[in-house]
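The hints should help you fit chain B onto chain A, whose structure is shown.
These protein sequence lines are chains A and B, in that order.
Quick note on the working numbering: the first sequence kicks off at 7 and runs consecutively.
Quick note on the working numbering: the second sequence kicks off at 7 and runs consecutively.
Read the hints as simulated data drawn from the structure, not as lab findings.
Incorrect hints may have been included.
The list treats identical chains as interchangeable, and a pair is accepted whether it falls inside one copy or across any two copies.
[Claimed, not checked] DMTMM-like mimics (lysine to aspartate or glutamate), calculated; alpha carbons at most 20 angstroms apart, straight line:
{"id": "1", "residue 1": "Lys206", "residue 2": "Asp309"}
{"id": "2", "residue 1": "Lys201", "residue 2": "Asp309"}
{"id": "3", "residue 1": "Lys289", "residue 2": "Glu267"}
{"id": "4", "residue 1": "Lys201", "residue 2": "Glu310"}
{"id": "5", "residue 1": "Lys179", "residue 2": "Glu234"}
{"id": "6", "residue 1": "Lys206", "residue 2": "Glu310"}
{"id": "7", "residue 1": "Lys289", "residue 2": "Asp277"}
So the chains spell out like this:
Number of protein chains: 2
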Amino acid sequence: MAAAAAGGLGPGSGLGWTAAIRRLLRQFSSSQRPGSSGFQCLPLVIEGQQVGLVVPAVARELRAFPDVFVEVAGGLELRGGHCPEERTEAVAGVLAQLRAQGRLARLGRWRDEVYEVRPSFGAPALLNVERAAAPLLGVLQFGAHLNAFVRRQGDAAGSQEMLMWLARRSPHKATYPGLLDNLAAGGISAGLGIKETMVKESWEEARMPPELASRAQPVGCLSYTYEEMDGEEFGAVVRECLFIFDLEMPEDFTPQVGDGEAQEFYLWPLDEVREAVNSGRFKPNCALVVVDFLLRHGLLHPDEEPLYPELVAVMHQTL
Amino acid sequence: MAAAAAGGLGPGSGLGWTAAIRRLLRQFSSSQRPGSSGFQCLPLVIEGQQVGLVVPAVARELRAFPDVFVEVAGGLELRGGHCPEERTEAVAGVLAQLRAQGRLARLGRWRDEVYEVRPSFGAPALLNVERAAAPLLGVLQFGAHLNAFVRRQGDAAGSQEMLMWLARRSPHKATYPGLLDNLAAGGISAGLGIKETMVKESWEEARMPPELASRAQPVGCLSYTYEEMDGEEFGAVVRECLFIFDLEMPEDFTPQVGDGEAQEFYLWPLDEVREAVNSGRFKPNCALVVVDFLLRHGLLHPDEEPLYPELVAVMHQTL
Numbered sequence: 007m008a009a010a011a012a013g014g015l016g017p018g019s020g021l022g023w024t025a026a027i028r029r030l031l032r033q034f035s036s037s038q039r040p041g042s043s044g045f046q047c048l049p050l051v052i053e054g055q056q057v058g059l060v061v062p063a064v065a066r067e068l069r070a071f072p073d074v075f076v077e078v079a080g081g082l083e084l085r086g087g088h089c090p091e092e093r094t095e096a097v098a099g100v101l102a103q104l105r106a107q108g109r110l111a112r113l114g115r116w117r118d119e120v121y122e123v124r125p126s127f128g129a130p131a132l133l134n135v136e137r138a139a140a141p142l143l144g145v146l147q148f149g150a151h152l153n154a155f156v157r158r159q160g161d162a163a164g165s166q167e168m169l170m171w172l173a174r175r176s177p178h179k180a181t182y183p184g185l186l187d188n189l190a191a192g193g194i195s196a197g198l199g200i201k202e203t204m205v206k207e208s209w210e211e212a213r214m215p216p217e218l219a220s221r222a223q224p225v226g227c228l229s230y231t232y233e234e235m236d237g238e239e240f241g242a243v244v245r246e247c248l249f250i251f252d253l254e255m256p257e258d259f260t261p262q263v264g265d266g267e268a269q270e271f272y273l274w275p276l277d278e279v280r281e282a283v284n285s286g287r288f289k290p291n292c293a294l295v296v297v298d299f300l301l302r303h304g305l306l307h308p309d310e311e312p313l314y315p316e317l318v319a320v321m322h323q324t325l
Numbered sequence: 007m008a009a010a011a012a013g014g015l016g017p018g019s020g021l022g023w024t025a026a027i028r029r030l031l032r033q034f035s036s037s038q039r040p041g042s043s044g045f046q047c048l049p050l051v052i053e054g055q056q057v058g059l060v061v062p063a064v065a066r067e068l069r070a071f072p073d074v075f076v077e078v079a080g081g082l083e084l085r086g087g088h089c090p091e092e093r094t095e096a097v098a099g100v101l102a103q104l105r106a107q108g109r110l111a112r113l114g115r116w117r118d119e120v121y122e123v124r125p126s127f128g129a130p131a132l133l134n135v136e137r138a139a140a141p142l143l144g145v146l147q148f149g150a151h152l153n154a155f156v157r158r159q160g161d162a163a164g165s166q167e168m169l170m171w172l173a174r175r176s177p178h179k180a181t182y183p184g185l186l187d188n189l190a191a192g193g194i195s196a197g198l199g200i201k202e203t204m205v206k207e208s209w210e211e212a213r214m215p216p217e218l219a220s221r222a223q224p225v226g227c228l229s230y231t232y233e234e235m236d237g238e239e240f241g242a243v244v245r246e247c248l249f250i251f252d253l254e255m256p257e258d259f260t261p262q263v264g265d266g267e268a269q270e271f272y273l274w275p276l277d278e279v280r281e282a283v284n285s286g287r288f289k290p291n292c293a294l295v296v297v298d299f300l301l302r303h304g305l306l307h308p309d310e311e312p313l314y315p316e317l318v319a320v321m322h323q324t325l
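If we strip away everything but chain A, and leave its shape as in the complex, we get (with noise of 0.2 angstroms):
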């Protein structure tokens, strides 16, 4: 590259990461490219807040329910109920009936799990919804990540290697079944805190006892919008904050199948858990996870990667 040749800037010869990192940034940033429904989605607003965004196939639906859905000058208001309770009512009546009519695909993979709905992270919550229906109402979604790793002495004096703890994905779960996931991640459900999420799942999918899992320490968040597609159509627009907390595990710890959400784990070298990013083998918003940790651990170095700053931006948008 030529800046490179000029010694500046410019990235050297790379480490093989930048098609993994393309693919990312292209999923992750698939709301903000040309021919994306973006421009044509709906805000959904609760009295002068947006606390969503609808696609047109979804928006379409909703119409069939003026009781609730109001079309407002671009936008769509929610007007079924006066308080966070009545609302959650009004939407799980119009959520049910367009499931028993089986209009919408995604309601086949109901969850009998709420999340909350809020304008923004600090803002109360302005009502419930069935987990499975937040991508089709664009509602904020958050989530508790945990990544695992053990710091194994090397052989030369004082060197270090880093392992990471990964699941792999039981071959029954609805999204993603049999990809890589990091050691414990799940959404956080109505009424739960996020270290309170991220604990219990960690007790749940690998066995942690709270007491390990509370060490873990909070480093930051992911953040980012893409579009689910329906078919040929775009179905759903996923707006997600991913809380990512790290914990140095003890070295005699094995974590052990527990709900049956992962079957399998895998404790590898850092290169390795690269390479399997590389090839494509994560959840995507978990790759996404661990290259912010590879990141943040010094395994990607700006001087030899041309997308080094795309990549950190992409994984931090503004929602």
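Only chain B this time, still in chain A's reference frame:
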């Protein structure tokens, strides 16, 4: 707060961060606010690629040199020269005249140091410009900042205290004299690499031997756009990407005043560092670097800080 009371996602009582974070958010998103000059700025274009963003006050001056800057539909095209060397010369000529005529106050900070101008980090440079002029043309600027920290054994068994080295800027600096700064930091000049810049600045500013500085690990980058005021008017657009390095320092190393950019050094416990951020005693972008460090090392808690995701996103804007 309602959400916290309900035991949900919402934040708790906080740790006294919120006001400081609000100030940083305001500063580093100034170009996105209503009333900002953002939408009046003209993209600066070379052969179809945007390389800068020019505020109206500067565009007025550049229009007086139609051999070099040509107004085109919705932008300003740099037509002086057909290769990097010719463009560098043409723009340098314009800047020299504007400086001699005292037309743009910012040119008074002339450094005789050149930055490479690129449409994006990974692209080849299209010309070089004087550092003081980079914000006038709104070109991407790159910097390298070092967080130098020490781990000290605490009283309790196995407990560790983390301390951070900081620099106080010379009272003679043209910008932010006397404020707190990272131990070493600098803009990346034409022809220099990122790590190379960090190692060089560590020697120049703090007399840190290159063998020690080279051990620092790249841990990410911060990127932001903000507007600089020139009296009553928007004078420039700062579009900057800072590459961040962390270095755990041996306890027996003490920085020394080098080239005089820093006048004094402090080794502070992280609580004291945080307090200095809260009370606004840092050069603003160095405060951002420190907040990112504290965040990556578990000293900000998403369960307690309502602006956590907004802060993380504002530090990692797409440029």
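Results for each hint:
1. Lys206 - Asp309: This pair counts as between: shortest inter-copy Cα distance 15 angstroms, intra-copy 39 angstroms.
2. Lys201 - Asp309: Between. Shortest inter-copy distance 7 angstroms satisfies the 20 angstroms Cα cut-off; intra-copy 35 angstroms does not.
3. Lys289 - Glu267: Classified as within: same-chain Cα gap 13 angstroms, cross-chain 47 angstroms, threshold 20 angstroms.
4. Lys201 - Glu310: Between copies, since 11 angstroms is at most 20 angstroms while 35 angstroms is not.
5. Lys179 - Glu234: within (17 angstroms within a copy, 51 angstroms between copies)
6. Lys206 - Glu310: Intra 39 angstroms, inter 19 angstroms, cutoff 20 angstroms: inter-copy only.
7. Lys289 - Asp277: Classified as within: same-chain Cα gap 18 angstroms, cross-chain 38 angstroms, threshold 20 angstroms.
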